[in-house]
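Visitor: Each chain, letter by letter, is given below.
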Amino acid sequence: MVVGRSAARAGYLFVAPALLLVITFRAVPAISALLHSLTRWNGVTPPTYVGFANFARLLGDGEFWTALSHNLAIVCTIPLWILVSLVLALLIHQETPGWRFFRAAYFLPSVLSPVVIGLLFSALLRQNGPVNSVLSAIGLGGLATDWLGNANTALPTLIVIILWGIFGHGVIVFLAGLAAVPKETFEAARLDGATGWRFLWHIVIPSLRHVIEFWGVNLVVWSFTSLFAFVYVTTNGGPGYSTMLVSYQVYLQAFEANRMGYACAIGTALFMMVFGVILIQVRLMAGKED
Amino acid sequence: MYVTYTVRSHPPDTECVMTQLTSHRFASTVVTIAFAIAATLAAQEPVTLTVWDWHAADTTKGPGLWLKNIDRAFEEAHPNIKIKHVAQSHNEYYQIFKAAAASRSGPDVVMLHQGTRVLGNKHSLLPLSDLMPAEFKASLVGWDLTSEGFDANGTPYAVPIAVQGNVWYYNKTLLEEAGIDVSEPPQSWGEFLAACEAVKKLGKAGVAVGEKEGGWATWYINSSCFQVLSDAEMNQLVSGEMAWTDPKVAAVFERLSELATKGHFQEGFMSTALWPEARYVFLRGEAAFFLGLISDVAHWKDFAAQFGAENVGVMTAPVFQPGPDADRIPVGGAFAYAVTTWTRLPKEAFDYIAFVASAENAKAFLTDVGSFPANQQVDRALFTDPNARQIADWIGAGRTGTQFTGKLPETVNDTVMRECQRLLGGQTDVAGALAAIQQAVVVENEIIEPTPPGMVIAVGVGALLVIAIAVLAMKRLTPTGERANRTGEG
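Chains as they are written, first to last, in numbering that gives the first Met the number 0: chain X, 0 to 289; chain U, 0 to 489.
Calculated directly from the structure, the hints in this document are not laboratory data. Remember, it's a predicted structure, so these values are computed and weren't measured experimentally. Treat the hints with caution; some may be incorrect.
[As the list claims (entries may be wrong)] Only pairs whose alpha carbons sit at most 25 Å apart, straight line, appear in this in silico SDA-like list of lysine to any residue:
#1 U:K300 - U:G397
#2 U:K261 - X:L177
#3 U:K121 - X:Q126
#4 U:K97 - X:Y250
#5 U:K199 - X:F254
#6 U:K121 - X:T44
#7 U:K97 - X:R39
#8 U:K121 - X:F254
#9 U:K200 - X:T144
Put together the whole structure using the sequences plus the hints.
Guide: Shown next as structure tokens:
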């Protein structure tokens, strides 16, 4: 019993620093944002209580719903992000010729800042940029367009840029997952004649279910909360509202329009939605296991 | 003062004075003298004024060099004051300043754009009425852009240093190549369109545009709106008393749309940054017209250096609605200096700003930087460039007006920019764009009715209950084995 108490105390002590950081930098700001979402506040002068007025405004804010629909469109592409990373990780795991080079090459975008990636693609994709020049050179000049300046192509292009920036992380995560799968499992599958799509669908994906779940949850959270830099550098949410995301709208309201209270309301709504989506996602995955 | 009074009240015999002073008075005298000495010493103690701006990053040329020279001269004139100039990124400038304001730390003196950027941050700026002599105020223009209510007689929150605005520049060589007579600027809308059309036949663009941020369209609106809107009507549009769907406003937007529809902008203009890429399009000779600035950069001096002053022309907005105000040029957005509310050195801070705005430094601003100073005591004849002289004539003749979109709240301005992007990109039409802007003005001006606190508490408690029930339900749904595995009890 004494040993148990001492161990518990030691446990608390070990947890304390991390807990303190989480409380200071996560819980306190989240509660503060929730309280400020009930106010009209410019971030400097004392806030004025308005109750749910910010949330009522949010319901009628077309820009918010447009931004949310773009976020959801990005979420819909996440299976593709996972699949790309998974297939590439599998090819490396199976030591396809040149796998050492590709392992390093695929991870390279992940160590680049979103700002660098955004600037790089902005230059590549401009009207008279290299991508359009190549298209013209191979006889596909008709496809050349102002990729980020055209409202029809801006969001898909942005998604491709984000995918390029993130897939390397996924490759590393899945490589780690594949390393933990016993070699015999794959060998047995091969001997049983499982190849290509069947191998991926019936052997690899079930073996990596927990890794895919982990990476999927990460990507969903990330797609709602961490794409700001890409949008800021490449399109500023435009043309018009065609690449507006909720996180970018929070920034605009808070720091451009000085509507910190309203920005907190959007942030709170975003938090609740992401939390809900994650809960559903985890439940669905747990349900499959059951 | 106290010591003087005591001595004068008594015969000039020190011993006699000392004996007549009560011990209390004596103590007070000693304390007063001590404070005076301390104050004198404190005044001589070196103090540091922190100045923030976006020009100080490059002190080798232009406004950065000009400010560096001013700092040196000010420090020589005020040996106890040291200037610490901090360059901040122009793109994130107001976000950084907002963070500083929230923590009430950072600069004593801060550079701001005239207009909404000053008035939108007034809660962090010291009202300057008490610090400012009347003759100083009279020597500068632009107070309407830095004072309460966009009124030159309102409480000033910043001192205007420069005059900034938009004028149209044109490449005479390119237009002549296209067969256009450039002895007079192509001023009417018809002439302007004809010139753009002629240039297009050469494979070049009529106008160099950068619409990535949406800012170019607001420059265009500011430049053209004087033809159809009076100052009072512009204020009514800002306040919501006049509808944006009014045909007068539509006339401006229709011309904007016409230019895009007829293909008079360079390819890829929607993803071209106004700053600096669109300027490069004009500098490379790939477009005939550029809606540029009058001061600092992207202005007559820049273009004269590239093409030669004789090969560049300057004009006001192409006229589609002739009238007495059609040739006015919009001014605003130039830089101003303000004193922060948290500074411990308000007087020194204002002294520095007054020094920057002085006639002597304004003259250097004009001759060395090639910019128009707010100080009107400078002889504008110092301009030798013909285009600069033309602009100076317009300003001198009072042919200026406040930048219209500079008065708009940020949210409305953002809507204007985005709707213009949609308009130029073909996603909406003029009526749709104006209706959306009108809606933004309505939302901006609507009065918010606070929810009764009781209701907020009731909803909060209800939400907590729902969450608690949901968590409990999920726990019940979780299989026992899984729970045991998760808690390590299995």
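Visitor: All hints, please: hold or fail.
Guide: Hint check:
{"no.": "1", "hint": "U:K300 - U:G397", "in the structure": "22 Å, holds"}
{"no.": "2", "hint": "U:K261 - X:L177", "in the structure": "57 Å, violated"}
{"no.": "3", "hint": "U:K121 - X:Q126", "in the structure": "42 Å, violated"}
{"no.": "4", "hint": "U:K97 - X:Y250", "in the structure": "13 Å, holds"}
{"no.": "5", "hint": "U:K199 - X:F254", "in the structure": "41 Å, violated"}
{"no.": "6", "hint": "U:K121 - X:T44", "in the structure": "11 Å, holds"}
{"no.": "7", "hint": "U:K97 - X:R39", "in the structure": "16 Å, holds"}
{"no.": "8", "hint": "U:K121 - X:F254", "in the structure": "15 Å, holds"}
{"no.": "9", "hint": "U:K200 - X:T144", "in the structure": "21 Å, holds"}
Violated hints, listed in ascending order, are 2, 3 and 5; each of the other numbered hints is respected by the structure.
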